[in-house]
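Colleague: Going by this note's numbering, the sequence shown opens with residue 14, and the numbers climb by one from there.
Because the hints were derived from the structure by calculation, they are not lab data.
There may be inaccurate statements among the hints.
Pair by pair, the computed Cβ-Cβ distance ranges are [as the list claims (entries may be wrong)]:
{"no.": "1", "residue 1": "ARG44", "residue 2": "GLY116", "range": "29 to 35 Å"}
{"no.": "2", "residue 1": "GLU141", "residue 2": "THR272", "range": "21 to 27 Å"}
{"no.": "3", "residue 1": "GLY90", "residue 2": "GLY196", "range": "42 to 48 Å"}
{"no.": "4", "residue 1": "GLY110", "residue 2": "ASN165", "range": "16 to 22 Å"}
{"no.": "5", "residue 1": "ARG122", "residue 2": "ASP269", "range": "31 to 37 Å"}
{"no.": "6", "residue 1": "LEU124", "residue 2": "LEU168", "range": "18 to 24 Å"}
{"no.": "7", "residue 1": "THR272", "residue 2": "LYS113", "range": "45 to 51 Å"}
A virtual CB, placed ideally from N, CA and C, is assigned to each residue, including glycine.
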Amino acid sequence: MRSPFVTEWFTPAAGPPEYEVIPPDERVRIRDTLQVPFRWVCSLDVTRGSTLFRGSGLLVGPRHVLTAAHNIYNARGERPDTVYVAPARNGADLPFGRFKASGFTVSSRYLRQPRPGSRFDVALVSLERDASAIRSRALSGAQLGHWGSSDNGALTDLSPLDSGFLSGRPVTVCGFPGDKCDGDPCDPARGWTREQQANTMWSHYGSASFSAARPGIILYTADTSPGQSGSPVWIRFTSGRRSLVGVHVDAQRVTDATTGVVTVTANRGVFLDKDLMALVRSWLGR
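Please put together the full structure from these sequences, using the hints given.
Modeller: As structure tokens, this is what we get:
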């Protein structure tokens with residue numbers, strides 16, 4: 014059975030491939046998605062016509078999810094028909110339900126040239142209703158909250174960090190990979206339904222680095238997969254504090270000039286430095 018996820022998402026024709034598993038594959042499934050901070054990692058269902066795309070994002074406000082701009086706007090700058098967001102999705106289980114998007118905020122620089130993996134490949138999805146106020150029996154009636162909340166953000170923040178500080182330190186990438194179906198590797202021989210693909214949460218960490226050739230981009234050796242565009246990238250301190258440092262967008266590839274062999278050297282995210290974090294915070298009205 015053919016995957017319901019459009020393959021052009023993952024081909025050069027649509028922009029840089031958004032992922033690579035850098036062997037060996039060391040991603041770990043998050044089986045308890047209600048834990049902090051995984052409860053705020055969101056699965057995005059994006060539809061255009063009869064086609065469903067899946068991406069990832071992070072609940073950063075009561076009604077706001079931060080994701081990659083190319084999850085929302087295609088190469089022609091066209092918006093999707095609908096977007097639904099599910100925090101803490103765990104297979105068929107949606108512990109907090111789904112929330113319909115009511116609007117999108119993207120930098121005008123991205124809209125002028127919609128290019129996946131570019132400096133401004135970030136978007137803020139506005140929701141029709143408050144997701145952070147949802148109470149769940151699984152949380153003993155407590156509210157969901159959101160990343161960076163002063164009341165129930167559990168030591169998470171939206172404070173930018175310097176690239177010099179981050180270089181060489183481990184960062185975590187967490188989202189919903191499209192090569193997993195109901196938690197197992199997708200098997201073309203057996204096929205799968207559109208609901209089974211990219212419906213489980215996976216995480217990995219890797220060392221952060223930066224390149225002068227790609228300003229505004231954070232590199233890391235963490236493994237990712239299609240469907241994880243928009244995944245949050247964060248650093249955790251020994252105090253338990255977590256700072257958001259990036260939004261996953263694609264992979265870095267190097268082509269050997271002699272052999273033409275393409276080698277993946279790292280995965281990449283938009284770096285939420287001082288300027289870009291200020292832009293995101295302005296979108297949030299902070």
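Colleague: State for each hint whether it applies.
Modeller: Going down the list of hints, with the structure as the test:
Between ARG44 and GLY116, the C-beta spacing of about 33 Å keeps the proposed range 29 to 35 Å intact. Hint check: GLU141 to THR272, Cβ distance near 52 Å, so the stated range 21 to 27 Å is violated. In this structure, GLY90 and GLY196 break the distance hint of 42 to 48 Å, their C-beta atoms being roughly 35 Å apart. Checked against the hint of 16 to 22 Å, the C-beta distance between GLY110 and ASN165 comes to roughly 18 Å, which is consistent with it.
In this structure the hint that ARG122 and ASP269 lie 31 to 37 Å apart at CB holds, the actual value being about 33 Å. Taking the beta carbon of each, LEU124 and LEU168 are about 35 Å apart, not inside 18 to 24 Å as hinted. As the Cβ distance of THR272 to LYS113 is approximately 49 Å, the hint placing it in 45 to 51 Å holds.
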